[in-house]
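Construct the complete structure from the given sequences, taking the supplied hints into account.
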Amino acid sequence: MGRRNSTGNSAGALSSGTPLGLPSPPWEKLPVQKSLDQNIQTLKTIFKDCSDMIYRTIDIAPDIKAFVVYVEGIVFSAELEAHMLEPMVEAYVRMKSAVPAERIEASQLEPLENTRVSLSQVMTADQWIDIVEGILNSSVAVFVDGLSEVHLFNIKGGIRRPVQEPETESVIRGPREGFTEMLRINTALVRFKIKTPNLKMYSMVLGTNTKTDIVVSYIEGLADPKVVEDVKKRLKDIKIDGVLESGYLEELIEDHPYSPFPQMMYTERPDSIAAQLLEGRCAIFVDGTPFVLTVPVTFFQLMQATEDYYERFFITNFIRWIRYIFLFIALFLPALYIAVTTYHQDMLPTTLILSIAAAREAIPFPALVEAMMMEISFEALREAGIRLPKTVGQAVSILGALVIGQAAVQAGIVSAPMVIIVSMTGIASFTIPHFNLAITIRLLRFPLMLLAGVLGLFGIILGVTWILVHVTQLTSLGVPYMSGVSPFHGSDHKDIFVRAPWWKMKRRPSWLSKENQEREKPEINGTPNSNKVW
Amino acid sequence: MKRSLFTGVLLLCIPLALSGCWDRTEINDVAFVIGSAVDKEKGLYRSTLQIALPGNLGGSGSEGGGGGTEGNKSYYLESKTGLTLRNSNMEVQAGNSRNLSFAHRRTLLLGDDFARGGIASMLDQFARIPQNRLSSLVAVTEGPAYKILDASAPMEQFPSEMVRELMNQFTKRPVTIKYLANDLLSEGIDVSLPYISLQEAVPEGEGQPKKNIQITGMALFKEDKLVGVLRGQEVRMINLAMNQATSPDVLVSGPNGNGYVTIRFTENVTSLKPVIHGDDITMHISILAKGSVIENNSDYSLGGEKNMSKLEQSASKEIIRQIHSGMRLLQDKYHSDALGFGRAILQKDPHAWARLKNHWDEVYPTVKVVIDTNLHVENIGAVNKPFGRKDKELKND
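So the sequences go chain by chain: P and Z. Heads up: the first sequence at position 523 corresponds to 523 in UniProt numbering, and the numbers run straight through without jumps. Heads up: the second sequence at position 150 corresponds to 150 in UniProt numbering, and the numbers run straight through without jumps.
What the hints contain is simulated information worked out from the structure, not anything from laboratory work. The C-beta atom is built at its ideal place from N, Cα and C for all residues, glycine as well. Some hints here could point you the wrong way.
What the hints assert, rightly or not - Computed beta-carbon distance windows for the label pairs: (1) Z:C13 / P:Q473: 54 to 62 Å; (2) P:I386 / Z:L12: 21 to 29 Å; (3) P:I386 / Z:S152: 51 to 59 Å; (4) P:S377 / Z:D23: 52 to 60 Å; (5) Z:K172 / P:F458: 31 to 39 Å.
As the list claims (entries may be wrong) - Beyond 10 Å from chain P on every Cβ pair, some chain Z residues (computed): (6) P15; (7) S101; (8) T176; (9) L198; (10) I215; (11) P350.
Now the structure itself:
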């Protein structure tokens with residue numbers, strides 16, 4: 001492959017020319033010919049039936065023709081006009097009007113990118129495979145008659161979503177910008193925040209058909225080099241025909257594919273990525289999706305929102321505790337309700353058990369069946385709410401609230417306490433800031449309910465034990481999932497169950513940047529007053 | 001990992017196929033016993049259970065449910081006799097479609113006839129079966145106990161709940177089965193329980209006779225047998241001497257012999273201190289109390305330190321007088337050591353107690369009681385002079 005400027009180092013290389021599952025094309029090993037007509041012929045065979053190809057023949061010098069090829073829509077057409085076609089035509093006009101129209105050979109021409117085309121990203125290629133790849137990756141290929149070298153000008157463009165407020169992670173206080181589908185905009189959003197050459201953007205291409213650009217980003221010196229190497233190696237080992245979302249990579253490289261717990265975090269907030277890079281994590285950007293993965297993560301990280309670090313620590317601690325309380329509610333409340341009402345009626349206060357008994361008096365189902373029914377219909381409602389077009393979504397919520405909430409109770413099919421329990425768990429699961437953990441908690445609720453219905457509190461204890469044993473042996477890129485708690489590390493507790501004020505959090509998480517832990521000068525000494533000048 | 005996940009899912013599927021072995025007790029299949037009464041009847045135990053009827057409690061969605069209910073009461077009573085208490089309870093169970101659950105029993109009422117015959121023998125089943133909570137409150141009733149269970153308790157859902165609330169007001173630490181057993185088994189103290197009877201709610205002869213549940217006295221035990229009931233004003237003061245009074249009021253006659261000043265002692269601490277000289281024992285009961293004037297219908301003006309200390313003195317005299325008269329009943333008439341004099345001696349001087357305990361019954365009536373009071377009336381309310389009297393009517397020293 002030829003030169004490739006400014007699009008990052010090409011160490012990642014194209015994984016393989018052969019799309020998986022397709023026969024290797026006949027032009028794979030062919031070099032470009034000198035004759036333009038022959039090349040045009042080959043090109044038109046390769047892109048047969050591709051109606052989005054634009055071919056344009058243009059004179060660049062007397063008797064020297066050039067041939068411009070690109071895919072419509074994926075190149076920035078205004079730039080193409082202004083910096084390539086127009087200068088080329090102008091140069092030709094100039095040459096023609098120069099007095100003795102001396103005939104020159106193509107090889108004597110000044111290189112295109114030096115004299116005519118004012119575009120920065122240029123590379124040359126002489127193999128068909130590279131040219132085809134370049135064209136499909138938003139390059140404009142320029143063939144010149146008599147030359148076997150082809151210029152590829154990369155002007156990625158076309159219509160893409162602008163930077164917008166991230167919809168899945170809204171905050172009250174904090175930056176409003178979110179990642180987009182364009183890789184380079186995304187990396188730029190992070191680069192805006194972290195201005196050090198140590199912020200590395202290691203790029204590679206994955207997917208034999210999609211040729212998706214992947215960027216592994218980390219801060220050299222902060223990220224554990226072993227983790228970085230591990231990430232790169234795992235990504236390089238992937239052989240797949242397409243990568244359309246970071247979720248593909250998540251499943252392909254995670255440590256424990258059979259665990260219900262998410263071992264990576266995704267976010268569409270650049271500030272969150274910047275913060276995690278500064279703590280020593282790696283970020284994996286995937287072209288075409290606003291969701292950027294970070295590794296390694298711990299359970300507690302998934303219970304934290306970006307806003308935790310922007311609001312004052314009193315508020316944050318209060319909210320964080322609410323989240324932990326509701327995590328338990330989301331996981332255990334239906335199971336506890338089932339266990340208590342079917343096995344341990346003696347555990348509730350008398351008046352409470354009597355009012356539950358009063359409400360359940362005419363209910364035809366066992367508590368377990370009732371709970372399962374309600375929880376599953378709640379999940380269905382939630383799913384319907386997401387999938388349906390926004391205009392229909394309202395109808396679903398009305399039906400859900402009226403039919404399940406009220407009519408079912410009045411008809412005596414479900415009891416009112418059960419509706420309360422289900423709504424509580426629903427709300428509780430939405431307080432978990434990261435959706436992938438929330439869905440895990442919701443999933444685990446069902447086996448716990450079953451255990452509670454079969455074995456009572458004993459069953460819940462069994463389930464909890466299983467979850468705890470599982471979670472403590474889980475790892476994310478080799479880092480224990482419960483880091484800070486198990487294995488225990490004192491200083492990490494400033495940012496697990498509580499969030500210490502910023503002037504107290506002087507060290508980075510111990511499990512991430514092992515070499516370089518200090519992030520705040522100790523001279524400040526944690527007392528903002530000592531800096532006061534008046 | 002994969003294997004354990006698979007095993008887990010498989011294990012979870014097993015119970016679905018074994019639904020026949022499901023031993024759950026759905027809440028609709030449980031009859032909650034809210035209160036129970038024990039009486040003696042021809043040598044047999046009569047056990048009366050008050051069972052909640054959730055269908056009549058007015059929960060939403062319960063309309064039409066809860067069949068088999070009579071009237072609109074939120075409970076019904078079922079009464080059976082048996083050779084033992086458990087046996088009679090089982091008889092009740094035999095006539096009930098739902099499983100009796102005793103875990104929510106609020107009160108255990110003992111008829112006075114039954115209590116005279118001794119209560120120790122029935123206590124076994126409470127401890128033996130853990131579902132029988134030891135936290136039920138115990139009281140003795142005037143007449144058969146089941147009558148109290150069926151009395152009207154308009155404020156509460158259940159009469160037994162009303163008894164519980166009354167007992168919570170009556171003493172700082174209401175007597176539960178646990179404390180009852182504790183006092184029964186420990187040396188140097190005799191059990192005392194609230195004594196509950198039905199009182200006319202409105203003056204007699206007016207309208208429908210209506211009876212209300214009320215605590216009217218203190219049932220005194222000797223060993224496990226009821227020996228007598230203390231009634232009247234002394235109850236409150238003996239309660240104070242036992243360090244159990246929540247906020248006793250004392251009616252002090254006006255220093256000029258005209259009307260009464262009522263003082264409520266919201267904070268009070270009482271301690272026993274024995275002084276032992278051989279069999280000659282003096283028991284110092286020291287009472288430390290803070291209170292406020294809640295009514296003054298005398299012609300006595302309360303302002304000024306001098307007036308206040310005079311008031312405190314007369315209140316103290318009144319308290320001492322009432323406790324002495326109560327103690328005379330306890331020591332001479334009933335021989336019941338409800339205050340735990342013996343325990344105080346045991347704690348102060350175990351050797352002396354070892355010597356005394358064999359003839360404690362003879363010594364107990366001879367114990368001299370000295371009462372030291374340290375009263376402090378902190379608050380006289382919003383007015384210092386009697387509100388409805390003219391200044392010239394007031395008498396002051």
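Hint check results:
In this structure, C13 (chain Z) and Q473 (chain P) break the distance hint of 54 to 62 Å, their C-beta atoms being roughly 24 Å apart. A C-beta distance of roughly 27 Å is found between I386 (chain P) and L12 (chain Z), which places it inside the suggested range of 21 to 29 Å. Distance hint for I386 (chain P) and S152 (chain Z): a CB-CB separation of about 56 Å, consistent with the stated range 51 to 59 Å. Distance hint check: the CB atoms of S377 (chain P) and D23 (chain Z) are about 28 Å apart, inconsistent with the given range 52 to 60 Å.
Our hint of 31 to 39 Å for K172 (chain Z) and F458 (chain P) holds, since their Cβ atoms are close to 38 Å apart. Not every C-beta of chain P lies more than 10 Å from that of P15 (chain Z), the closest at about 4 Å, which undercuts listing it as non-interface. Its closest Cβ contact with chain P, about 6 Å, brings S101 (chain Z) to no more than 10 Å, contrary to its assignment away from the interface. Under the 10 Å C-beta cut-off, the non-interface status given to T176 (chain Z) relative to chain P holds; the minimum distance is some 14 Å.
Look at L198 (chain Z): its CB is around 24 Å from the nearest CB on chain P, clear of 10 Å, so calling it non-interface holds up. Listed as outside the interface, I215 (chain Z) is consistent with that label: its C-beta sits roughly 21 Å from the nearest C-beta of chain P, beyond the 10 Å cut-off. For P350 (chain Z), the condition that its CB be more than 10 Å from all CB atoms of chain P holds, with the nearest at approximately 40 Å.
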